[in-house]
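Fit chain B to the given chain A structure using the hints.
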Amino acid sequence: MKIVRRDIEPDGPGSVKMVPEEADDLWVAYNLIAAGDTVMAVTVRKVLREAASGGRDAERVKLKLEIKVETVEYDKEGSVLRIRGKNILENEHVKIGAFHTLELDLHRPFVLRKVLWDSLSLDTLHQASDIKASADLAVVLMQEGLAHILLVGKSVTTTRSRVETSIPRKHGPSIAGYDKALNKFFDNVLQAFLKHVDFNVVRCAVIASPGFTKDQFHRHLLLEAERRQLRAIIENKSRIILVHTTSGYKHSLREVLDAPNVMNIIKNTKAAEEVRALKDFFAMLSNEPARACYGPKHVEVAHEQMAIQTLLITDELFRSSDVATRQKYVNLVDSVKASGGTAHIFSSMHVSGEQLAQLTGIAAILRFPLPDLDDIEM
Amino acid sequence: MPRKVDYGFRYEDDNYDVYEDYDYDYADDYDYEEEENGIAPVTKAKQEASRTGVWRCPICTYDNENSMSACDICGVLRNPLVKVNNKGDTAAAAAFKFDAPSPDDLVSNGLRSVKSKSKDSRGRGTNFLVESELAANGLVSSSTSVTRERHNGVEENDSTSGSGNKPETFNTRMDTESLPSKSGKARSIIERKTESISQYIPEKWMTPNNKDDGLSQLNLAIVGHVDSGKSTLSGRMLHLLGRISQKEMHKYEKEAKQQGKGSFAFAWALDESAEERERGITMTVGVAFFTSRKYHVVLLDSPGHRDFVPNMISGATQADAAILVVDASMGSFEAGIDAIGGQTREHAQLIRSFGVDQIIIVVNKMDVVEYSKERFDVIKQKLGTFLRSCGFKDSSILWIPASAMENQNLVANPSEARLSWFKGPSLLDAIDSLQLPERDYSKPLLMPICDVIKSQSQGQVTACGKLESGAIRTGSKVLVMPSGITATARSLERDSQLCNIARAGDNVTVNLQGIEGNQVTAGGVICHPDYPVQVTNRLQLKILVLDISTPIVMGSQLEFHIHHAKEAARIVKILSLLDPKTGNTTKKSPRCLLAKQNAIVEVVLQGPVCVEEYSSCRALGRVFLRSSGRTIALGIVTQVIKREE
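Going down the list, the protein sequences come from chains A and B.
Number 378 marks the last residue of the first sequence (the UniProt record's numbering); no jumps.
Number 645 marks the last residue of the second sequence (the UniProt record's numbering); no jumps.
Just chain A, with the same shape it has in the complex (with noise of 0.2 Å):
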């Protein structure tokens, strides 16, 4: 995200210009866009004109219009960001209080206007315009006839593929088969790999699984891309690493992470720290329950004692509509930070960030045990 102006006053209203650069920024902006602000931005509308025959004419007329932000969509299979709203700009095509729906471009700027830019949101700011090298990381997850493609970004796990196909066992005379549908599954994942996987982008490709499914699919790459003479892979080889996992399913995906060859890739990036957090979380809930809590009321009965060291929080708690809930957490976070504690925000479209929403979204390992706290209803 690269921020072009920036006119804001800490804990009030601002203005920011911004350009987003990837798909990662469009989710960095539907953070931080929140019904109530206003949205400056050039797009295409459809206009009726009256020609001169008497007919009328629809034309797609480029404008630039503002709008006061009533909702915002963010799709994940397409990363398009929507936002809904009425006009407030007087502009010679449309009138104001008329709806409209911009849909934000990537590499198009736009001006977002806040009445209050609280810390949490120059945070989020902040971090986007960071010039870190992305995280960007794309992974084969598979097994033996199921594969998923994920791309690993900064903010943002998406899935860009999934293939399945049904494998028969290697009983006697169908054998042939069996190596057959295993050289097809291949060749589709290949397929997807090769469509989705962009090594310009991306700073390395790991290909996981149990067993010895990714040592075949890796020589299947190879040797696949030394016969169809595939540019992109033979130059890249070195970039791409063989992980295992216990499983093919997408929740393996936090094991990929783990890993040591893995994890010196993304060591300073958002998605490893959430790992972490998460993986500390787990390990204080098991050995020492009574140290650790999750679920909002838990955690806010502990907040009121001091007790909590570090709190795990997702962003989706803070696009709650409401705004007294919005500033509750912002609260919260502020004050756990004043006190010495650390506050991780989890990006709710990491495979960490989906695994906290599943417990509540919401969780703390505190200071000291807190034991009454089970006997309270979450």
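These are computed hints drawn from the structure, not numbers from a lab.
Note that the structure is a prediction, hence the values are computed from the model and not measured.
All clues given are correct.
Simulated coverage check for chain B against chain A, where a stretch passes if three residues somewhere in it have a Cβ under 8 Å from a Cβ of chain A:
{"#": "1", "stretch": "272 to 280"}
{"#": "2", "stretch": "443 to 453"}
{"#": "3", "stretch": "549 to 556"}
{"#": "4", "stretch": "584 to 595"}
Residues from chain B shown here face chain A by an in silico Cβ test under 8 Å; the list is partial:
{"#": "5", "residue": "Glu559"}
{"#": "6", "residue": "Arg570"}
{"#": "7", "residue": "Ser628"}
{"#": "8", "residue": "Gly629"}
By construction, the Cβ of each residue, glycine as well, lies at the ideal position given by its N, Cα and C atoms.
Using the frame of chain A, we list chain B on its own:
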């Protein structure tokens, strides 16, 4: 693709509006008749108004309703001379009925059903025209006359066209994510079942009599830590009992030596794929047959490697008894019994939870430890305590020292002098001393599908598996779940020999007719058409948590294994904690589950599976939850919750 999904939904709703007071149970039953018998709806239409008389099938002497135009059991047409063209005449023939609704109604209803079907099933459109006529026409009389005595509760028709849509839309979307369509079908199927399970009367040929071949089938699973010698042991046994010819054995030896794996020569009899031979491990369960003095034994050679435990579960779910192979050599046994890395423990626990209570422990590679009695006793003591804690009774554990490489104590008493201290039976004798467990002959057919083989040359689909209950015979109609398609069993094979009848406990290969390759999947279940197995993606389980490092919390993602199916699953609710001894609820809605706790939880699966409650069918009610490469919980299905879209 999303469009297609909506398509199915909208049209089902449409038709429900029209025929809302019809109970669609009847119609589904009807559909099956249509599809697999290929009987012209006309003949049924004609007979449908007649009284409920019976006619005796000339072949199998079963009494059928008068309204049935084909025998229920053997499928023989009642009036084989009446040849009606399915596609052409039905519309014309339908018009002859006097109490039929006017052709206008027919056409408009039919058109709606035709329109609401997917494009590639035009031929069936006319079937539905007639069905809808019947639906509109026959209320109580038609339904009672056509339904057999088993379906007492069914009153009226339902939107036949609506439910008729389901198999069609389902077929076309088989390869895509067809959850919604499946659910539509499954919903209707589930409703039918509840009334009739108690009225199931097994056929005469289903219960075995003494005239049959005296030997019964025993399914034996061979499990153990990796490299303990399971495949070699199996290969040796097969060779000694004559199932592998000398020539084949020579071939294996030669090829193995060529690849530098001379010691694996016997294992190659079981490990047939190139990948397995190259790496020297078993990856999937190898099935082999041999005959001992008392039984036809089906040998299930399982992989021992950690990563292949899912395959081992799928294979060993068929087992009646098990052989646990341990490596006697110094260090290997210790590695195997290690709590973290070793598979000996995990396999023993899994075997016990499959309901197997008889286990033979073969202490292999005794030649490496010089056949020492001390080593044997040490192993026996260590492992014995563990097995007792798993739940095996001392009386049902047999301990056999042996050496597969040297052929000691396998089929005959040991010839090696150093092994003379052992006075127990040889392995073959031990196998003979096993007891067969109870077989459910008198329940409806249930066969979980272990493997599907599609032969390209003949376009046949073959399913392998072990019958859990009931019996199947060549020519019988079966229902394949979760696709819900009815097919006929064209032929049965047991141990590569054709057979006519297979009963509960037999491991057979069924050749299916009338179904396409992509509608049969491993993990599915073949069942009786009237007693379909339940398909769902939401279950309530009673679980026992094993030794785990991370606690199980709400939202935990795990792998769910049940008979041969596996799915990714998520715990949505932890309902209560149970006291392990009494089974009473100790705590409601606990925060998390720690090791060795009993609890009731609710899980949601990514895809539907065929399950039955544990109380009704054990084999289809046992579940295993795994995560991070370890089995973290064993459980049983206490409740099947209706699936949600």
